[in-house]
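Q: Two chains, two frames, a set of hints: combine them into the complex.
So the sequence lines, in the order shown, correspond to chains A and B.
All residue numbers for the first sequence refer to my numbering, where the first residue is 1 and numbers rise by one.
All residue numbers for the second sequence refer to my numbering, where the first residue is 1001 and numbers rise by one.
One thing to keep in mind: the hints can contain errors.
What the hints assert, rightly or not - Label pairs and their calculated CB-CB ranges: (1) A/I150 / B/G1027: 43 to 49 Å; (2) B/A1204 / A/V397: 32 to 38 Å; (3) A/E292 / B/E1177: 53 to 59 Å; (4) A/V73 / B/I1175: 21 to 27 Å; (5) A/V73 / B/G1027: 57 to 63 Å; (6) A/E176 / B/G1027: 56 to 62 Å; (7) A/W456 / B/G1027: 24 to 30 Å; (8) A/F417 / B/P1110: 55 to 61 Å.
Everything labelled a hint here was simulated from the structure, so no lab data went into it.
Glycine included, each C-beta is placed from N, C-alpha and C at the ideal position.
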Amino acid sequence: MLFVQFRFLIYFLVVFCVHWALRGNTSRKVWLLASSHFFYACLFFGGPDSASADTFPLWTFYTTIRDHQPLPVGWWFPIVLWGSTIMDYLVGLGIGDAKTEGKRRAWLLVSLAINLGVLCVFKYANFALDSVYAALNWFGLHTSKPVLGIFLPYGISFYTFQSMSYSIDVYRRRLEPVRSFLDLAFFISFFPQLVAGPIVRAMTFLPQVFVTRVWANVNVRACFALFFIGFVKKACISENVAPIADAFFAAPGKYDLYSSFIGVAFYAIQIYCDFSGYTDMAIACSRLLGYELTINFDFPYFSRSITEFWRKWHISLSTWLRDYLYISLGGNRGSKIFTYRNLMLTMLLGGLWHGASWTFVIWGGLHGLALVVHREWQRATEQAGATFKKVMAVLAVPLTFYWIMITWVFFRAQNVFDEKTRELKRSGFSVAKEVLEAICLFQGGGSRSFTIWCLWLFLALAAVHFANSRRWLSTWWQRIPDWLFSALLGGGFAVALFFVPTKYKAFIYFQF
Amino acid sequence: MIAAVSRAVGHAALFAAAAGLGCVAIGLALPLPEVPQVREKLEWFRAHRGDYTALFLGTSRVRRHVIPALFDQLAAEQGIEMRSFNLGVDSLASPEDGYVLDQALAAAPPRLRYVFIELSYFRANFAGQGAETIRSAYWHDWERTRTVWRQLLREDWRQIKPLKKRKKQRWSGWIAEVSEWASLAGAHGRLFLQRGANLGRGAAWLRQLTGLRSPADPLAPLGPARDGFIPSDTVMTGAAAAEYQRQLDALATANSRQRQLDPVPQENLEAMLARVRAHGAEPILFIAPSTGGLIFHPRREVARLLDFSDPGKWPALFDPQFRADLGHLNSAGADAFTRALFTAAKLPPQDR
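Extracted from the complex, chain B is given alone in its bound form (with noise of 0.2 Å):
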C-alpha cells in the first residue's frame, strides 16, 4: 500500500515537473501577450531602442498629459539632446507599473538616460478589471505576485478588526471579510499559475491567425506622433465641469489627501528605481496633476519628487479650460504640463 501510494506520488511529481516544464519553455518562446496599449508600446519601445534617451512610465495621465516630441524639443533649446518615449498606459498601477519597466529595461535600451515615474496607487484588487483577463494575469510574475500577497498580509489582514474586539458585530462579519481578503489571495495565486500556464495566449494567436480579430490600426495605441502620447482636444463643459469645480474648491489644503506609501509599496518602488539605476539612467518620480484621489508619497527619500498635485503651486494645471475631463488633461493642458514638467526636472546641461 505505502509502495502504491509512493509510486503514485512520484509519478504525479514527474508529472507535475514535466507539465512545469513545459509552460516555462512555452512561456520563453512566446511573444508579448495581446494586452492593449502595453504590447503595442514595449513592441515599438523594443524595435527603436537605440533611440530614446528618455522614457515615461505611468498611468492615463502620462499617456494623455506627456507630449515627449514637445519635451524633446524644449531639451534642444538648451542644447541637450533628448528623444524621449510615452510609456503611459491605462490604469498602470504597482506592481504592474514595475513588471512594465522591467519588459522596457530587457530591452537594453543602450542610450536611456531617464526614466520618469509616476507615483501611482498600490492596487491589490481588482477594480475597474476583470479578473480573469489577459491584462490582470500577464504582470502576475512570482516577484509580482509575493509582492502582492505581501502587502495583502501585512496591511489589508491588519485593517481586518479582530473577532475578540467586535463587540458590536456579528461574527459573521468577521468571516465575510476573512472571506474576502482569502478570496483575493486566492485569486492572485490563481493569476500566477494562468500566467504560467500561458492560458489563454494560444486562443488569442488562433483569434488572430482564423481572421476573427484584426485591429484597424495596430499603432493606434501609439498616438499620431507614434511617440505613445494620445491628444484630446475636448473641454470639458456641463455637469462635468460643474463637478471639477467643486473638487477645485474641496482642495482647501493639498495635505488632506496625502499619503505615505505603505512599507510594501515602499519597497516595490525602492526596487524599481534600483533596477533604473543598475541600467545606469537616472529615475525622477513624479505626481500628476489631480483633483481626486489620494496622492502618495514614498516614506523616505529614494529619488527626486516633482509633485504637481497642489493646485496652489500649479494653477495653470488646475485651470478648467485645459482639462479633458475630471482626471485628464487635454491637448493644451497637455503642452502645459509637459513645459513644467521639463522646467521641473533642471536637466543638466552636461548631457549635451
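Next comes chain A alone, as it looks inside the complex (with noise of 0.2 Å):
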C-alpha cells in the first residue's frame, strides 16, 4: 500500500495504538515485525495492482485458497526476504565466532555472494539474456528469445542492501553481531523503510532496536509536519506533474523546444518530490513509532556541482556505494587515474543497481564522468582570479542542474512494448535520442506545445523550494501553539486534498 492512501491511515493508526499501547520492547518488535510483514503483503496479494489499489487484499487471498487459484504472483516474496535475513543473521554469529581471519572473510563472501547472487538472478538475469540475445542478433546469429519469467520481488534492492551492511559492518569490527533473531528481522523488514528505502545501516539503526521507545521523545508536531510535506510532494506535485512528462516522453518528437525543456524539467520534478515525499513520510511514521531513519534528501537541485549533488541526493545510496564499494575498490589512496576509475565503476554499478537496462547503465555512466571532469576542473581552476570564481558561483548551480536534466533523460527513457506481445515497440535510446537533439542541441522540431503556466508552475515550484532550502518555511509553525497547530493543519490537508488526484500511480522507486 501507498503511504497517501487511506487504507494506510487506517493500517498506521492501528499499528501506531497497539505499538504505544504495549510495554515491552520485545512485545513491541513483535508487533512491529508482524506489521511490517502484513504491509509487505499488501503490495502483491490482491494482483498485480495490489501496490497502487486501495483496498486491503485479504478477502482475494482468502478467496484464491479458498477457490484452490493459483497464488497471486510474488506470494514468494517474504519467502526471499526471510532467507535473506536468515543468512545474514547465521552470517553474523559465525563471523563473530569464527577464530581467523580467513574465516571471517569466509562468511562474509558467503553473504556478498548469497545476497549479490539473489539480487543478480532476479534483477539481472532477463537482462543479461536479452543483451545477449540482441548482440547474437547484431551479429548475425539468429536465435529464439528466450523468455523467463522472473519477477523482482519488492524492496530486493534496498533490503540486500541493507543486509550486506550488517555483515561486512560485523566483519570490520564497528558492529558486534545481533544475538537475537528477531533484533536482526526487525531491522531489516521495518516497513516504512523496506521497499524503497532510506537505506539504513546497521550501526545506526540497531542501538535503536535494543532499547524500549519513550513517547516523551517523540516530537509529534515535527512528524506530522514531516509527513504533510511528504504527502502533498507525492500526492499533489509528483502525481500532477508526472501527466506532463508522460506525455512529452511518450512522443518527444511531436513537442516544441519551449515543450521539451518542460518536459524534462517536470520529470526531474517528479522523480525528486515521488522520491523525496516517500522518504519523508517513511521518517514520519517511523519517528511516530520512536525510531529514526536516515535521512536521505537535503534539496540537491540547488547544488553547485556534481560532487555536492551526489552529497545531497539518495543519501543512503551514495554513501552506501562510497562506504563499501567506493573505498573497498580503493577510494582515492591511489593514482588519479586509479582514483576515476574506481569513481566511473562506483557510478556505473549505482546506475545498474536502479534498473536492469542499458539506460541506467549510461545514467551511472555519465554521472561518473561528471565527478571525474568535476575534480579535474577544481584543479584546474584553483588558481582561477576571484572575479572568475563569483561567475561561476552565479552559474554553477543552473549548470549543475542542466546536467542532471539530461541525465535524467536516459532514467525515463524506457523501453516501450506492446501491451498484449510484449514486443519491443519503441527501445528507450531512440526517445532519449529525440530529447537530447532537443534540450542539448535545441532542434525541438513539433508543433505540439504546453501552454506558458506550465512555466509559471515550474517557478513557482522553484520559489518555494528555494525557501524551504533556506528554512525560511520550516520554523514559524513550531512556535504557535498546538491548536493553531492543529487547525493549520487540517486546513492545509483540505487544500492538499483539493490537488490529489483519484488514481494514484505506485511511487517510482517501487520497482527498483
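A: Encoded structure:
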C-alpha cells in the first residue's frame, strides 16, 4: 500500500496505537515485525495492481486459497526476504564466532555472494539474456529469444543492501553480531523503509532496536509536519506533473523546444518529489513509532556541482556506495587514474542498481564522468581569479541542474513494449536521442506545445523549494500553539486534497 | 495519561473540523466537476435558464430520442409557447438523476413549466462505470449517499440468504455475499468522502491549465442544435438487427418485465417530483421504448406516467428501421418518438 492512501491511514493508526499500548520492547518489536509483513503482503497479494489499489487484499487472498486458484504473483516474496535475513543472521554469528581472519572473510564472502547472487538473478537475469540475444542478433546469429518468468521482489534492492551493510560492519568490527534474530529481522523488515529505503545502516538503527522507545522523545508536531510535506510532494506535486512528463516522453519528437525543456524539467520535479516525498513520509512514520531513519535528500537541485549533488541526492545509497564499494575498491588512495576508475565503477554499478537496462548504466556513467570532470575542473581552476570564481558561483547551480536534467533523460527513457504481445515497440535509446536533440542541440521540431502555465508552475515550485532550502518556511509553525497548529494542518490538508488525483501511480522507486 | 489522550483526541477533532470546513469552503467555490455531458449541459442550461419552459431528464434514451426543436414546433402549432432542453445523459440512473435535476433547479429557471423525467433503474453498484472516476463521485452528496445506503440495507441485504437457511451452500458463500455487500456500501462511503474532499478536482483543473487536455469542441455534447439532442442516422443491420427482432418477438407480453420500484427508489422519485412541484413546474414521468431490461413502475400514482414500452401499443416506435442499435432510436425514430411524446403529454392549451 502507498503512504498516501486512505487504507494506509487505517493501517498506521492500528499499528501506532497497539505499538505504544504495548509495554515491553520485545512485544513491540514482534508487533512491528508482524505489521511490516502485513504491509509487505498488501503490495502484491491483491494482484498486479495491488500496490496502488486502495483495498486490503485479505479477501482476495482468502478466496484464492478457498477456490484453489493459483496464488498471486509474488506470494514467495516474503520467502526471499526471510531467506536473506536468516542467512545474514547466521553470517553475523559466524563472523563473530570465527577464530581466524580467513574464516571471518569466508563468512563475509558467503553473505556477499548470496545477497548479490539473489539480486543478480531476480534483477539482472532477463537483462543479461536480452543483452546476449541482442548481441547475437547484431552479429547475424539469429536465435530464439529466451523468456524467463522472473519477477522482481519488492524492495529487494534495498533490503539486500541493508543486509550486506550488517555483514560488512560486523566483519569490519564496527558492530557486534546480533544474537537476537528478532532484532535483525525487525531491522531489515521495518515497514517504513522496507520497500524503497532509505537504506538504513545497521550501525545507526540496531542501537535503537535494543532500547525501548519512549513516547516523550517523539516530536509529534515535527512528525506530522514532515508527513504533510511528504504527502504534498507525492500526492499533489509528483502526481500532477507526471502526466506532463509522461505525455512528453511518449512522443518527444512531436513537441516544440519550449515543451521539451518543460517535459524534462517536470520529470526532474516528478522523480524528486516522488522519492523525497516517500522518504519524508517514511521518516515521519518511523519517528512516530520512536525510531530515527537516515535523511535521504537535502535540496539536491540547488547543488553547485555534481559532487555536491551526490552528497544531497539519495544520501543513503550514495554513502552506502562510498563506504562499501568505492572505499573497498581503493577510493582515492592511489593515483589520479586509479581514483577516477573507482569513481566510474562505483557510478556505473550505482546506475545498474537502479534498473536492469543499459539506459540506467549510461545514466550512472554520465554521473561518473561528471564527477571526474568536476575534480579536474577544481584542480584547473584552483588558482583562478576572484571575478571568475564569482561568475562560476552564479552559473554553477543552473549548469549543474542542466546536466542533471540531461542525465534524467536516460533514467526516464525506457523501452516501450506492446501491452499484448510484449514486443519492443520503441527502444529507450531512440526516445533519449529525440529528447537530447531538443534540449542539447535545440532541435525541437514538433508543433505540440504545453501552455505558458507550465513555466509559471515550474517557477512557483522552484521558488517554494528555494524558500524551504533556506529554512524560511520551516520555523514559524514550530512556535505556534498546539491548537493552532492542528487547525492549520487541517486546513492545509483540505487544500492538499483538492490537488490529489483520484488514482495514484505507485512510487517510482518501488520498481527498483 | 488520560489527560494526554484527551488532549490528543481534542487536537485530532480540531484537525478534522478544520479539514472538513476547508473542504466545504473549497467545494462551494468550485464550478461543476468535469463530468462529460453533465457539465456541458448544466452550464448551458444555467447560462440560458431564462429561455426554457421544459426540461427532459433521463438516460441516453432521452439524449438520443427527444428532439427539443421538434417538440417546440409541435407545441407552437398548438399555440403553446415552448422552449425545451434535452438534459439526457448516458447511463444516468437513479439517484444520480436526482442530483442532476437538483443542479438544474438550483439555477432557478424562471419560466420552467414541465419536467419530463424518464423512469430509470436504481443503481447501487458500479456496473459499466469505474468506481474511482469523478463521474461516480460527483453525485455522492449526503442525500444521495444515504439513499443508496438505505437501498443496500433494505433490499440488497434482504437478498442475502441467511446463514441458517443455507443447507447445501457452504458458510463461506455467505461470507462472500456479505463481504461483497459491505464492499459496495464502503465504496459509496468512500465516494462520499472523495466528493467531500474535492479529490481529483485540482488535478483536472491543472490538466486543462497546462494544455494536457483541450477538447476539440467543448459544446459537442450539446449536439448540433445546442439543445442537448444527439442525432444518429445509423440504421441497424446484420446481426444486431437479427438480435433486435429476436428480442421483439420475445416480448409476448409487456407485463413479463414490469416491476414495481422498491420502496427506497420510490421515495427517491417522490422527493424528485416534490422538488419539481416546489419550483412551480409539473413533473411528467415517461418510459422510453426498449426491448431489453426491466420496466419499472411507481408503486403508487405520483405523477402522470407515459408508458412507451409496449410494442403492441406503439408499433411505430419499435420499427427496426427506426433503430440505430439495440437500445436506441435513430433520428427518424427520435422524430417519431418526440411526436408520440408530445401527443401523449396532452399539454393544456391555456399555456398560450
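Q: Any hints this thing doesn't respect? Which numbers, in order?
A: 3, 5
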